Amino acid sequence: MIESNAAVSDSPKKSEQTRQKIMDVFIDLMQGQDFLSIKVKTIVEKAQITRGTFYLYFSNTSDLITSIEEELLDDLPEILPYTTNAINPFDPPSYEVVHDDEWETAWFQYYMEHQKALNALIGPHGDHSFYIRICNYLKEAISCHMKRDSMPEDAYQGYFLNLLPDIFLMLSKEWTSDTNFQKIGLDSIVAIVSTIRIGSMYRRYLELQNGKKP
Numbered sequence: 074m075i076e077s078n079a080a081v082s083d084s085p086k087k088s089e090q091t092r093q094k095i096m097d098v099f100i101d102l103m104q105g106q107d108f109l110s111i112k113v114k115t116i117v118e119k120a121q122i123t124r125g126t127f128y129l130y131f132s133n134t135s136d137l138i139t140s141i142e143e144e145l146l147d148d149l150p151e152i153l154p155y156t157t158n159a160i161n162p163f164d165p166p167s168y169e170v171v172h173d174d175e176w177e178t179a180w181f182q183y184y185m186e187h188q189k190a191l192n193a194l195i196g197p198h199g200d201h202s203f204y205i206r207i208c209n210y211l212k213e214a215i216s217c218h219m220k221r222d223s224m225p226e227d228a229y230q231g232y233f234l235n236l237l238p239d240i241f242l243m244l245s246k247e248w249t250s251d252t253n254f255q256k257i258g259l260d261s262i263v264a265i266v267s268t269i270r271i272g273s274m275y276r277r278y279l280e281l282q283n284g285k286k287p
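Heads up, the sequence shown is in the numbering used here, so the first residue is 74 and it goes up one at a time.
Hints were generated in silico from the structure; no laboratory data involved. Hints are not guaranteed to be accurate.
As the list claims (entries may be wrong) - Listed below are the simulated DSSO-like cross-link pairs for lysine-lysine, each with C-alpha atoms no more than 27 Å apart in a straight line:
hint : residue 1 : residue 2
1    : Lys-246   : Lys-189
2    : Lys-112   : Lys-87
3    : Lys-189   : Lys-112
4    : Lys-119   : Lys-86
5    : Lys-256   : Lys-246
6    : Lys-87    : Lys-119
7    : Lys-189   : Lys-87
8    : Lys-212   : Lys-246
9    : Lys-119   : Lys-220
10   : Lys-220   : Lys-256
11   : Lys-86    : Lys-189
12   : Lys-94    : Lys-114
13   : Lys-220   : Lys-189
14   : Lys-212   : Lys-119
Computed from a predicted model, the values in this text were never measured in an experiment.
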């Protein structure tokens, strides 16, 4: 009876391991070929499973990549609210404001945890529609941060919002792929992107001090 119960309790775990193995093999294959060209036959051979086992979990490769992407999107860090933390642009940036990098820290931790899948999906063989969804998420998060910083909604902000998502993704990929980047540590990589935000905020403060209207 004890052995039977153990076997039953291990079944869901084994099932999840098999599902994850299929996803991992697909991500590995994406390193060298376009995701649209990957066949079920290749996946089952690499995963050392039968086609029937594959179809227990996914109806086709489109279903497989959709499942991978949705799990990654569900895991994205929460975008922090800004309504109660807005600052006066005529005041010099405070220590608390310039060190408000909780979301940036959560983003790089998230990327590190999912680095292999993310690097594959936003890479040359990945899904461009997923890249767009990640960029839109980053734009929303950065926009909230700019509002907390009281950065005016002008042409500068538009350029920043188009530029910064790619900077986040480039640094994230380099940091997780390059040993030298990983050596600088989480705090240092966060400081790099925070410096860009702080610089734009401080420039605005200096402009206002010199009589330039927001």
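Do the hints match the structure? See the list:
1. Lys-246 with Lys-189: holds, 9 Å
2. Lys-112 with Lys-87: Holds, at about 24 Å.
3. Lys-189 with Lys-112: holds, 20 Å
4. Lys-119 with Lys-86: Given that 27 Å is the threshold and the Cα spacing comes to 21 Å, the pair holds.
5. Lys-256 with Lys-246: holds, 14 Å
6. Lys-87 with Lys-119: holds, 18 Å
7. Lys-189 with Lys-87: Measuring from Cα to Cα gives roughly 22 Å; hence the hint holds.
8. Lys-212 with Lys-246: holds, 18 Å
9. Lys-119 with Lys-220: This hinted pair is violated, its Cα atoms lying about 48 Å apart.
10. Lys-220 with Lys-256: violated, 32 Å
11. Lys-86 with Lys-189: Judged against 27 Å, a Cα distance of about 22 Å means the pair holds.
12. Lys-94 with Lys-114: holds, 15 Å
13. Lys-220 with Lys-189: Outside the cut-off at roughly 32 Å; violated.
14. Lys-212 with Lys-119: At roughly 37 Å apart (the allowed maximum being 27 Å), Lys-119 and Lys-212 break the hint.
Checked against the numbered hints given earlier, the structure breaks hints 9, 10, 13 and 14 and satisfies all the rest.
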